[in-house]
Amino acid sequence: MKCTIYYFKPLGLLFFLCLIPLWAFTQNITVKGVVKDVMGEPIIGASVMQKGTSNGIITDLNGSFSLNVPANATIAISFVGYKTQEIPVSGKAQLNVTLKEDTEMLDEVVVVGYGQMKRSDLTGSVVSVNSDAIKKSVITSVDQILQGRAAGVQVQANTGMPGGSSSIRIRGINSLNASNEPIFVIDGVIIDSSTGSGSDNALASINPSDIVSMDVLKDASATAIYGARAANGVIMITTKRGESGTANITYDGYVGWQEMPKKLDMMNLREYAEHRNVRSGKDYAGQDWGIVNKDNNFVRPDLLGEGTDWQDEMFSKAFMTSHNLSATGGNDKNSYAMGAGYLQQDGIAVGSGFRRLNLRGTFDSQVKSYLKMGINFAFSESKQKLTISDESLIRTALMQSPNVAVRNADGTYDGPDTDEWTQTNPVGLAMINDNRNEKMNIRANTYAEATLTKGLTFKTELSFDYGITNTYKFDPSYEFGAIVNETRTGTYSKTYNKYWSWRNIVNYNRTFGIHNINAMIGQEMQKSKWEYLYGSRTGYLSNAATDLVLGDASKATNNGNSGESSILSYFGRLFYSYNDKYLLTFTLRRDGSSKFYKDNRWGWFPSAALAWKISNESFLKDNSVINNLKLRLGWGAVGNQNVVNNAYRAIYSSVPTTWGTGLLAGNTPNPDLKWETTYSSNLGIDLNLFQNRIELIADIYYKKTKDLLLQVPLPAYVGTSSSPGATAAPWKNIGSLENKGIELTLNTVNIDKRGFQWRSNFVFSMNRNKVKEMDTPTSLIDKTNQTGSTITILTRTAVGQPIGQFYGYKVIGRFEKATDFYYKNTNGEVTPVALPEGMSIAKNSMWIGDYIFEDINKDGVINEEDRSYIGNPEPDFTFGIGNNLSYKGFDLGIYLSGSVGNEVVNWGRRELEDSHANNNLLKSALNYAQLGLIDPNGPDDYRNVQIIAGDKYACRMAGSTKTNESNYRFSNLYVEDGSYLRIQSISLGYTFPRKWMQPLGIQNLRVYCNLQNVYTFTKYNGMDPEIGSANQDALLTGFDNYRYPSPRIYTFGLNLTF
Amino acid sequence: MLIASLLFTGCSDFLDSTDNSNIAGDNFYLTEEDCKAATAPLYSKVWFHFNDKFYYGMGDGRGYNLRAPYSDYIYPFTDLNESGLTGPLVQAWESFYIVVQQANKVINGINSGSMSESVKPQYIAEARFMRGVSYYYLTMLWGNIILNENSDELVNNPIVAPSSISDAFEFVMRDLEYAAKYLPETSYATGRVNKYSAFAMLSRVYLTYAGYSDNPNSGSRNAEYLELTKKAAMKVIENKSFGLMSNYADLFKIENNNNNETLFALQWVTNSTTYGESNTIQNYFAYGSDVTGTDRAWGGATVAQPNVIWEYEQGDTRRKATWMAYGDYYPELMSDKGGLTFEYSQTQLNCKKYVCGSSKDNASITYGNTPINTYMIRLAEVYLNYAEAAFGTNISLTATKSEDDTKVTLGTNVTCNDPIAFELYKAIRTRAGLSTNGTSFTFDDLRRERRLELCLEGQYWYDMVRWAYYQQQAVLNYITGQKRNTNIPVLWDETTKTLSEDTSKDRTQRSVGDVQTKIFRLPYPESETVQNPLLKGDPIPYTFTENRITDLFNE
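Chains A and B, in that order, give the protein sequences.
Note that this note's numbering gives residue 1257 to position 822 of the first sequence, counting from 1, and the numbers run on in steps of one.
Note that this note's numbering gives residue 59 to position 58 of the second sequence, counting from 1, and the numbers run on in steps of one.
With the rest of the complex left out, here is chain A (with noise of 0.2 Å):
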């Protein structure tokens, strides 16, 4: 709960030392003491003060004090994290003080927009995580922090890949366009970038460790300050800031091994070669299967070994380590923090890794009585590797077959030679191939404030955000087997992007009485700019260097672009409190964009809440029960503005020729676009019960977003499709949706005796959306997957539906028998039952062991008609388990998140069990349905066949590709539950007695280990049930295409402060 009472300490000393002259006393007597815990560890710099002075002092190494005061005077004892006391002298000499933890969260301060209020005076729903939440998981990215720990927010990682991006979403998915993505706000700066998609997120340039809290505000009031880029919510991040006192330096470190959490269970060679042999042979009715050839390597699989095991060749624990510095400091003029992280994560998968540099350092300075001004600074370098997923090599290794070697003898990479179905080598690509990239990131943010009379104040502040990326890519000459590739492409880019905002606020603090006002209003300015360069070159002569001075100059490419937008906007805040019973906040925003046309560039965002403190009334004052019992109610529009630049006015995009330069319509304009609103209610209610023994925080609102942004989907005769040369289809207000929902957090100390504390927190979200009007053609949009040749529709939205539901076809069985073929209708006729469409009972097409899918619209006929939802990705709802217990010095987490009721499509498994293919295949592939006569010496005809062997829900394998496409189809069986339950931590931490450490000048030391990802308990057959998003689009949610799985992480780290 340390937060950010800092920024109060230097203002109050600020004010102890400017308004209350030193007045002389009489009858001064020394009084001395020890300050100690209720642990009795001595507190060393707790602060000692005559209340009412300036006069004070700090404790020292064994918590001592002394002081001279009046023999009638009151002091206060206070330290960070603890509750004050307030003790008077009456004459006393000598007094021993312990003081008690703060568990009282209700004052803590929680940063909201362009300013801090008390947890106690919030009107809205804002939730918080702290540092010590950070600290007790190993965390390499912010996004990580907040999964499962804070109600209403889901966050799923996209890819277990190091230095890969989540999917966050707060509240449920309010947008239909790609980005769904919260807004982050780090020291009060709206960083420019989401958190990216896939291998790519730019909160990985953050180090987690300089993190003091996240502050996630998630009702419309708390954000509409935010205004048009608050619909998804906003998250604020407290760094580190320096604070008067002594100064502290704090080593925090660990190293840790990455492992693969789960294997697939894969055919090895024998039974890759036994199932290669059956189907070159001949089936049950001694006719050729006609599938592939027969291999000559494969005439005694019993003689052959284990083969290659893609997996492990692939996959290997992996090192990871992290070490961070910082000191912080000041006095009661100047405060200062500064640090350095370093964090390298290898990959679990070859071809993979991430290593991160931080430093930073923030300076604040009370310049002048009147004046404060500040500084601070964050540089980050990181570097990632990406081989592996630029080249879909999971995929590769999982269908590389097992009789092809990953090396040869003389320890060069090896490949297939066979010239019939090729698949590369993917542990010799990852490893040879140059993929990465280097980012380096510099934030640097100025501000000056003014008090300009009491309670009024001015703020100035200027930020920068400027970040490059570079990316390097080689493709070396190679020959893996039959696998030549004698042309070695270079391949280079540059991005380089630039934000700057200026803010300016005016801010007016007073109590009159019962009445307190907070108002404030402000100005703000933001420009982001990007610019990229691209080069290739191909015709290196060697693999050695590879810059691209060393290509051949006449085989050069190269491109370049750039763009950028801006926002302009006005907003101001009302907080009004009435004897601390009756809180009320408006905000209004305006808001312009150069995303839209100059007539629909302005936008208002208004809001309102109150609040009711019900324990403040006098008939609950004094409850020995209820300590805190409050009622929140809000309403406020919020706007969302992402859109490509340009989407309003016409361009044409160039394209080379071979006469030259030419130009070809690049979009269709709509100069009518506007932003996207979201409207919410909340009410909230919190209570505080048995000295806050037990907190119960629980929020229900209600959302409605209309004037949806969508890239409009239309059919591709209007030019507007995927494929190269097409215009960008127009971008539209096109509908509204809504999201409902309850959130729950609860925090109880269930044991605080005797030094032994158990705590324990829980949070469940439950989101419910739909779609209400969708002004498109078809008020449809589907989400495809390509596969080879092969589109599949994944996902459907539509209105009066859950957004991106999955939709296929139902196998609703297995044709067993003859009469299977057949049934009687509700007249009693014979009717054959509904077969694909082209195909009839035939052992090229439909035949006993094939699937039967459902016929919705019931014309006797298996076609796209016949599709329907077949899952949802959103979880029925989602939760967090959290235990800290703790004794002696002894700490323990145990962290458990969840997730209930979402579906998942395992795609991978629907290509590995595909018993026909050409590539490895799962072992569960071999449990087809086997065919057999039932009388052998009749005909082939299918009332003389049935199934003699395999797993009761498998199809048969069939020669046909026809037939194998109909069965293999995307159906509700490669739907599956995605409910789980992980262990997501568990952490063990001693921290050595202060008696043992001072002497050495050690201030605190604790030694932890940390097990993260330790279990997961689920039904799903995949290696990962927590998909993400793919591409983050949220209608694209929950589509495992061998997505990289999270590893499991155990590490053994250390914090020293001295």
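These are computed hints drawn from the structure, not numbers from a lab.
Since this is a predicted model, take the numbers as computed values, not measurements.
We put the CB at the ideal spot given by N, CA and C, even for glycine.
Hints are not guaranteed to be accurate.
Straight-line alpha carbon distances no greater than 25 Å define the calculated DMTMM-like cross-link-like pairs of lysine to aspartate or glutamate that follow [unchecked claim]:
1) Lys1293/A - Asp515/B
2) Lys519/B - Glu1272/A
3) Lys717/A - Asp507/B
4) Lys1033/A - Asp17/B
5) Lys537/B - Asp1294/A
6) Lys338/B - Glu914/A
7) Lys484/B - Glu1400/A
8) Lys361/B - Asp982/A
9) Lys1033/A - Asp153/B
10) Lys933/A - Asp14/B
11) Lys484/B - Asp1375/A
12) Lys506/B - Asp1375/A
13) Lys484/B - Asp723/A
14) Lys338/B - Asp987/A
15) Lys1033/A - Asp27/B
16) Lys729/A - Glu344/B
17) Lys964/A - Asp20/B
18) Lys361/B - Glu914/A
19) Lys1387/A - Glu706/A
20) Lys537/B - Glu1299/A
21) Lys1293/A - Asp539/B
22) Lys962/A - Asp17/B
23) Lys570/A - Asp1187/A
24) Lys933/A - Asp20/B
25) Lys717/A - Asp80/B
26) Lys519/B - Asp1294/A
27) Lys486/A - Asp472/A
28) Lys908/A - Glu278/B
So the derived list for chain A, only partly shown, Cβ under 7 Å to chain B, looks like this [what the hints assert, rightly or not]:
29) Ile918
30) Glu921
31) Glu999
32) Ser1088
33) Trp1094
34) Leu1099
35) Ala1100
36) Val1153
37) Thr1213
38) Gln1221
39) Gly1223
40) Ile1226
Assemble chain B onto chain A, guided by the hints.
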């Protein structure tokens, strides 16, 4: 300071973003140079997804020249098994309509542009040429299609009914006739289309439409359109700037791009950086990475159907220029190693056309990008169009299978005695190194000549569709006779240079779609029918707003 900042930002310029990567709409279509810049991309990028896989996947795959049992961009077409979700089918549909709509944007842009009125028709003609060619493909493949001249109308209301095949042909002919009238006599830049490109295309379109009627087994063709076919073809044939190249194999060398046999070819750039701007056919055709020098060589199992090889006569130089057979020597490939002797396989013939080698063989070849033009129409076809028109109005075709089930012919009893037609037919054969006896040729002779001359140039399926406009049952019998469900194991004899069935191995069977009339109409891409249910419904008449040009052949 607050006031200062408010003043500063009060200026609304702050929200006007500049864009240096695109040309804004109001800065374009000002000069004749802009017209040229607008029409230039219509020769390459917009056709990319047609060229990439569909050009040969449909023309030769479905035409049964090409076999690729592991390549899902060919076998669905060969096996008559494609659906509205087959990737290349969807991509081709998209590509054709990109051509149409980008051409529409050019036409409408120039019409409202501020350049001199006198220069406008020529560039509008260039765009209309492209639109006409694209609509020709669309209606040949899908039958009823959406005809549209302004995409802005469709954006606001995309749910419209399609037009009939005859309206589509009417549209195509109007576009190409406009092009024939207003395109320049000679191209204003090498590779750009001219008047004769349009006449050549018209010869194909007239010939095709001549056989179209409501009755797919009418056995008769429209005399007027046959006459127009000959007239249009003659316009090209009589023009001395065009001629057959003397050596057939030279047609498929990069250095001979835009030779005097070319009438319209897609123009691919060297060294492009962006997906969709280069010719990628070689990547799919080359049998191995030793030819291309890169890992982009996926044609190991993309091979000739024995059926087509058996149609080549001994000594036909086109065979080696089209297909690589065991022992064939190509000095232009792997030139740094003394040329390529094809010894990859004796049991198949791999693709040669459009395979131009590595960057060592030709410096303009880069990784995955082989800038050889893609032929859309060349003079040899115009000869054959004339010859086909000369068979007259009444044609009754019969398909005949050979006894060993290896060959099938179509129209052996139908004879043409037209002397001009015979000379043109003979010229094609002579260039291929073949002698021609007598003074007449049969329909099957012409069929075979078209197939072999234009093999791997994406044509043969469209021939079948054209013939099926008036002799559908015969063409169905012909396709049935191709025995697409049977794989015949074969062996190439290097010394006799013949291909024969390998009787030591069994013929194997595979499942193919039924040979029914519906194979002549491809399924619409599924996303289109989902979005526009009217597409599958009845066509409505198209309203033409301008008068058709009638004075094209008056001189």
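For each hint, the structure was consulted:
1. With a CA separation close to 24 Å, the supplied pair Lys1293/A and Asp515/B stays within the 25 Å bound.
2. Note on Lys519/B and Glu1272/A: the hinted pairing holds, with a Cα-Cα distance of about 13 Å set against a maximum of 25 Å.
3. Under the criterion of a C-alpha separation no larger than 25 Å, the hint pairing Lys717/A with Asp507/B is consistent with the structure, at around 13 Å.
4. A distance of roughly 9 Å separates the Cα atoms of Lys1033/A and Asp17/B; the hinted pair therefore holds under the 25 Å criterion.
5. For a cut-off of 25 Å, the pair hint linking Lys537/B to Asp1294/A stands: about 17 Å separates their Cα positions.
6. In summary, the hint linking Lys338/B to Glu914/A is supported, as the alpha carbons are separated by about 18 Å, within the 25 Å threshold.
7. Straight-line distance between C-alpha atoms of Lys484/B and Glu1400/A comes to about 22 Å, which keeps the hinted pair within the 25 Å bound.
8. A C-alpha spacing of about 21 Å is found between Lys361/B and Asp982/A, which places the hinted pair at or below 25 Å, so the restraint holds.
9. The straight-line distance between the Cα atoms of Lys1033/A and Asp153/B is roughly 22 Å, inside the 25 Å bound, and the hint therefore holds.
10. Note on Lys933/A and Asp14/B: the hinted pairing holds, with a Cα-Cα distance of about 19 Å set against a maximum of 25 Å.
11. Taking the CA atoms of Lys484/B and Asp1375/A, the gap is near 23 Å; set against the 25 Å cutoff, the hint holds.
12. Proposed proximity of Lys506/B and Asp1375/A is supported: the alpha carbons are some 23 Å apart, at most 25 Å.
13. A threshold of 25 Å between alpha carbons decides the hint, and for Lys484/B with Asp723/A the separation of about 18 Å falls inside it, so the pair holds.
14. Distance restraint check for Lys338/B and Asp987/A: the Cα-Cα separation of roughly 20 Å lies within the 25 Å cut-off, and the hinted pair is therefore satisfied.
15. Between Lys1033/A and Asp27/B the alpha-carbon distance is near 16 Å, which keeps this suggested pair within the 25 Å criterion.
16. Between the alpha carbons of Lys729/A and Glu344/B the distance comes to roughly 22 Å, so the proposed pair stays at or under 25 Å and holds.
17. In summary, the hint linking Lys964/A to Asp20/B is supported, as the alpha carbons are separated by about 10 Å, within the 25 Å threshold.
18. Distance restraint check for Lys361/B and Glu914/A: the Cα-Cα separation of roughly 18 Å lies within the 25 Å cut-off, and the hinted pair is therefore satisfied.
19. For the proposed pair Lys1387/A and Glu706/A, the alpha carbon gap of about 21 Å is at most 25 Å, so the pair holds.
20. This hinted pair checks out: Lys537/B and Glu1299/A have alpha carbons roughly 14 Å apart, not beyond 25 Å.
21. At most 25 Å may separate the alpha-carbon atoms for a hinted pair to count; Lys1293/A and Asp539/B meet this at roughly 23 Å.
22. Pair hint Lys962/A plus Asp17/B holds up; C-alpha atoms about 11 Å apart against a cutoff of 25 Å.
23. A C-alpha spacing of about 22 Å is found between Lys570/A and Asp1187/A, which places the hinted pair at or below 25 Å, so the restraint holds.
24. A threshold of 25 Å between alpha carbons decides the hint, and for Lys933/A with Asp20/B the separation of about 15 Å falls inside it, so the pair holds.
25. Of the supplied pair hints, the one linking Lys717/A and Asp80/B holds, its CA atoms being roughly 23 Å apart against a limit of 25 Å.
26. For the given pair, Lys519/B sits about 20 Å from Asp1294/A by alpha-carbon distance, which is consistent with the 25 Å threshold.
27. A C-alpha spacing of about 21 Å is found between Lys486/A and Asp472/A, which places the hinted pair at or below 25 Å, so the restraint holds.
28. Between Lys908/A and Glu278/B the alpha-carbon distance is near 21 Å, which keeps this suggested pair within the 25 Å criterion.
29. Interface hint status for Ile918/A: upheld, as the beta-carbon distance to the closest one in chain B is roughly 6 Å, under 7 Å.
30. Taking 7 Å as the C-beta cut-off, the interface hint given for Glu921/A holds, the closest approach to chain B being about 4 Å.
31. Proximity of Glu999/A to chain B holds as hinted, the smallest CB-CB distance being about 5 Å (cut-off 7 Å).
32. A hinted interface residue such as Ser1088/A counts as satisfied when its beta carbon comes closer than 7 Å to some beta carbon of chain B; here the least separation is about 6 Å, so the hint holds.
33. For Trp1094/A, the shortest C-beta to C-beta distance to chain B is roughly 5 Å, which falls under 7 Å, so the interface hint holds.
34. Given the 7 Å rule on beta carbons, the hint for Leu1099/A holds: about 5 Å separates it from the nearest Cβ of chain B.
35. The interface hint given for Ala1100/A holds, since its Cβ lies 4 Å from the closest Cβ of chain B, which is under the 7 Å cut-off.
36. Interface hint status for Val1153/A: upheld, as the beta-carbon distance to the closest one in chain B is roughly 5 Å, under 7 Å.
37. The interface hint given for Thr1213/A holds, since its Cβ lies 5 Å from the closest Cβ of chain B, which is under the 7 Å cut-off.
38. With a cut of 7 Å, the hint placing Gln1221/A at the interface with chain B holds, because the nearest CB-to-CB distance is about 6 Å.
39. Taken as an interface hint, Gly1223/A checks out: its beta carbon lies about 5 Å from the nearest beta carbon of chain B, inside 7 Å.
40. Of the supplied interface hints, the one on Ile1226/A holds, with its beta-carbon coming within about 5 Å of a beta-carbon of chain B, less than 7 Å.
Hint check: no violations occur; every hint is consistent with the structure.
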